[in-house]
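2 protein chains.
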Amino acid sequence: MQNPFKIIATTILMANFATSSVIAASDPVADVTAALHREVMESGTAYENLRELTSLGHRLSGTANAERAVQWAKAKFEAYGFDRVTLQPVEVPHWIRGNHELGSVVSNNQTTSLNLAALGGSAGTSGITAGVIEVQSQSEVSRLGAAVRGKIIFYNRPMDPALANRFAAYSGAVDQRSSGPRTAAGLGAVAVLVRSMTTLDNDDFPHTGMTNFSGGTRIPAAALSTRSANQLSAIIRNDPTAQVHLELSAEVLPPVTSYNVFADYLGESLPSEYVVVGGHLDSWDLGQGAHDDGAGVVQSIEVVRALKALHIRPKRTVRVVLFMAEENGASGAREYAKQASLNNEKHVAALESDEGGFAPIGFSGAFGSMRSRIDLWQAYLNPVGPMIFRNGEAGTDVDPLASLGAICYGLNPDSTHYFDYHHAANDRFEAVDKTELHRGASAMAIMTYLFANEY
Amino acid sequence: MQNPFKIIATTILMANFATSSVIAASDPVADVTAALHREVMESGTAYENLRELTSLGHRLSGTANAERAVQWAKAKFEAYGFDRVTLQPVEVPHWIRGNHELGSVVSNNQTTSLNLAALGGSAGTSGITAGVIEVQSQSEVSRLGAAVRGKIIFYNRPMDPALANRFAAYSGAVDQRSSGPRTAAGLGAVAVLVRSMTTLDNDDFPHTGMTNFSGGTRIPAAALSTRSANQLSAIIRNDPTAQVHLELSAEVLPPVTSYNVFADYLGESLPSEYVVVGGHLDSWDLGQGAHDDGAGVVQSIEVVRALKALHIRPKRTVRVVLFMAEENGASGAREYAKQASLNNEKHVAALESDEGGFAPIGFSGAFGSMRSRIDLWQAYLNPVGPMIFRNGEAGTDVDPLASLGAICYGLNPDSTHYFDYHHAANDRFEAVDKTELHRGASAMAIMTYLFANEY
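Note that the protein sequences, when read in sequence, are chains A and B. Our numbering applies: residue 74 is where the first sequence begins, and numbers increase by one. Our numbering applies: residue 74 is where the second sequence begins, and numbers increase by one.
Derived from the structure by calculation, the hints contain no laboratory data. Be aware that a few hints might be false.
[As the list claims (entries may be wrong)] In silico contact screen, one side only, chain A against chain B (beta carbon under 8 Å); selected entries:
hint, residue
1, 111
2, 114
3, 234
4, 432
5, 512
All of these numbers come straight from a predicted model, not from anything done at the bench. Glycine included, every Cβ here is placed at the ideal spot set by N, Cα and C.
Make the full structure from the sequences, and use the hints.
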């Protein structure tokens, strides 16, 4: 596009047409939110903090790396001059991958390597070889019944590529990973392979994630890269007698104590009322947890950094909470809500960022009773870009705070590429864009300010 | 994020909270729009067509490359079985860059190269050397008055990086490029350098674009990469006597005849009522015009490909219009509107895609009288993702159709990275993401169908 002069009118009319929300010319709140946006975009440190955090390596709960991240977070909060920093003990699972993972399929004396990664919670195996059955669903496994015994079950139903909301596509497929192994184990399967949860069809990265045996028999279970899943499917279609061989060094160790890390920027007049903004500090052990959820961690810290840089102290306390163990069971979220309840802490609102560091497109949450206020507030987000409020879930870590009366909501970035990186070795610092990350942080700063001072 | 089961509620409640628009369970229109989305996402050819189109090289109006693009478009329309294909003659400017561009600054016997590209419409020079004055605005040039004579004026006001809507940032800076050279020439400047229109602060690509001398003295005028602009600024701050040397082989040739290319998919019951969807076929001569505006070209073609693939023939005629010469004067847009008016063609609506092939976030246009209908239609776009309708400009190429009574509107993709590539050598096929491009095409297909059949 070329014509510069025609654009100006579009710029002026940024208000959402549907709501027609506008800001009065002399609205002092708009001055604050515009200044917050400018501060984050011009002087934000979220991106550089993400570079630091990801340089520590992965942050899988229970590991020494996760503890290094706890110390990093504590030191960072202290460096930014938060009024109070807390390490809250949490019991977390301790599953480790180990350093040996091998998979292959043999058909007609030809061996083909399979690119795989054990699922969190998987049993290890020093070597298992069995025939393989490809299925599209857990109900198909149940129908197979006795035929499952002694076999390796291969779940291969893809995420629906037509769903622009990738989280909807994930919802439609991830049961294969989260409970598919348990279902197969219950019928005597010796191991499970799952097509990776990504919309990339010929991806070389296996995408791990939690699987839950719920006290049933724990068996080896691994994610296949989608390219390997396609290869395996083609091989067993031609040769149903093909044998898969698996070696996994995964191991379940006793639970350990880790920490939620949170820090308070005390409110001016209502310091015992909390407005939470947070993400989870842990990550999977492939890659660096940059989008999931390093982004949410550094965006949340940025909210208070920007407020302090502008010498804005809202009425209520802004608390940045970095939750532990979101990826394997969310014990951090439960513990945080439990302690908040025991301590009778009044939580007014809680915002989570755990959908990646991509360009923000809105927020989802339980806004039901807030509709008229949201209509007013939407205009304050105009500097960030068009932002839509949707009724829906907020996020795993803040959801338990709804029972304390908090309005819980989550940042929604564009999800097109989230599952290109999710739980995979390429979820690294380089996968995050500074401008997109900071736009999200700006949106979070504006909403947090509104709840902390204008609610 | 991890918890898969919590996501489902979010998915179901995709409707924009602000409008609460929902689709009745048995709405046949929703079946069509959902099928269109699926067709584009699963079987769309826009991305492969973009690969073909960009492989022709740039498509600057007046050049042989642009004529190759005209022939490509004609052949493509014929291959897809459009009912009628038209080449509409248009007189277009013929400016060429030539193959020699050099810039440098000499200070204290040290020569520093400047990375630059002539602006469209620039005069050539076999060699000019002069002192340089850095300015932030045209009004500053006017105030300098006689001091401008014999000098090279260097406009160096950056695009505002805090504006998430990059088009607003562009609007706020581009006068330096579009009319800054004319202002400086009027006061006797011998040449003009302009900081490239990009928010990247240390970018190595010069970003070209049109400059307009409006019949005044044509002087050499070039865009500097932002890195070179930063260097030049630092050098002349230390040494105001530094001399800049420029050589540009640019040349203005006599206008030539080129073509708008358009094709009709005839309506079932109202074939003489037109619903236009289009973009511009020409591009700048750096790079391949992939985002600007190869994306809009192939998305527009995809609209009819998808309708035909699903055997959907709307009531009204869908016309795909590929405009010529948008980049240097928009004579194609004027000629199209003029002929449509002369032929008394009824244009019901016109949609333009010319803001890049990034993830779609909404539409802007003159929707004033359509508000209640837009509220109803918004839900049909849910498969694409959250889409916001804004009042604002539609686009350079469809705007003239408003005087024919058409509702004119434009696709708004996320603009974060548009000006990373705009008018620069890196605007190549590789810069476009297939999923994002196809989501935009799906949104365009849905809106075009609604105007063609449900309006």
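Now for the hints, and whether the structure bears them out:
no., hint, result
1, 111, "holds, 5 Å"
2, 114, "holds, 4 Å"
3, 234, "holds, 6 Å"
4, 432, "holds, 5 Å"
5, 512, "holds, 5 Å"
When held up to the earlier numbered hints, the structure conflicts with none and fits them all.
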